[in-house]
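In terms of the working numbering, the sequence shown has 314 at position 157, counting the first letter as 1, and numbering is strictly consecutive.
No wet-lab data here; the hints were simulated from the structure. Everything hinted at is true.
For lysine to aspartate or glutamate, the following EDC-like pairs were computed, each having C-alpha atoms within a straight-line distance of at most 16 Å:
| # | residue 1 | residue 2 |
| --- | --- | --- |
| 1 | K432 | E412 |
| 2 | K319 | E345 |
| 3 | K188 | D250 |
| 4 | K361 | D347 |
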Amino acid sequence: MLALILGVSPKLITSMGRTPERYYRSFVIPKRNGGERQILAPRTFLKAVQYYILRFVLKNQPVSGFATGFVRGKGIVHNARLHTGAPFLLNVDLTNFFGSITSIQVREEFLKIGFPIATADTLTKLCTYGGSLPQGAPTSPALSNLVFAELDQEISVLSANKGLIYSRYADDLTFSGLRLIPRQFVSELDRLLMARGLALNPGKTRFAGPTQAKYVTGLVVNVRPQVDRRTRRTLRAIFHQAHREPARFSDRASELLGWASYVQSFDFARGQIYKSIAKSIPR
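With the sequences and hints as input, model every part of the structure.
Below, the structure is given as structure tokens:
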């Protein structure tokens, strides 16, 4: 029945579940702060199946109100606005986020949705690799939000007891408040996460106080969400030059249009100006 719904032969569905290594390609990409990240990218047929599961099954499921990543109508800017102007901020990062979410947890989510055991088992095999979520599969972000929903609630209770606002963008957890955030809070949070098989990345735990720049998912939120001062200056200079000499930027038009759209997401007026300049560049 599942193969019929997916429009794929039962033999191929069985093969994808039994020998997933044949349907993924593995490669590494450098991390911004050093090291490498392994990506498991599904090949064409499996990717098509996963996109179908994402569109017709996973996107229809409710997620935690604290999740801002991979959620329709939310994103980086929405996440940043939740903490704008708070005098105290804490950012923590989870280690091996997708790899820490197990096939057992994913299967449980498909059972909660209402699939029979056999179908839930098959869907789990199609969306996991080596016993966990593969980073690179289109279904992994949505499944991670479903699995994390109960833990989001527990973290929110812990945060509220400390007078903190909590939000999560994928594996990036942010807390803000009016009072100094005690380091003991991080220890309590760590214990809560470890009970679910997750762990903090101690190298990415960052506290910020009233006199410091505060970053949330890459945006400075001291007054309003925006990129850092150096990036703002660089963008102003580039778009000023592009406005004066558009022909010089003909090979960068798409790049500048991307930056303009990004700026527009948190500064509509300036983004519109940048977008107008980018669109005027001859291609």
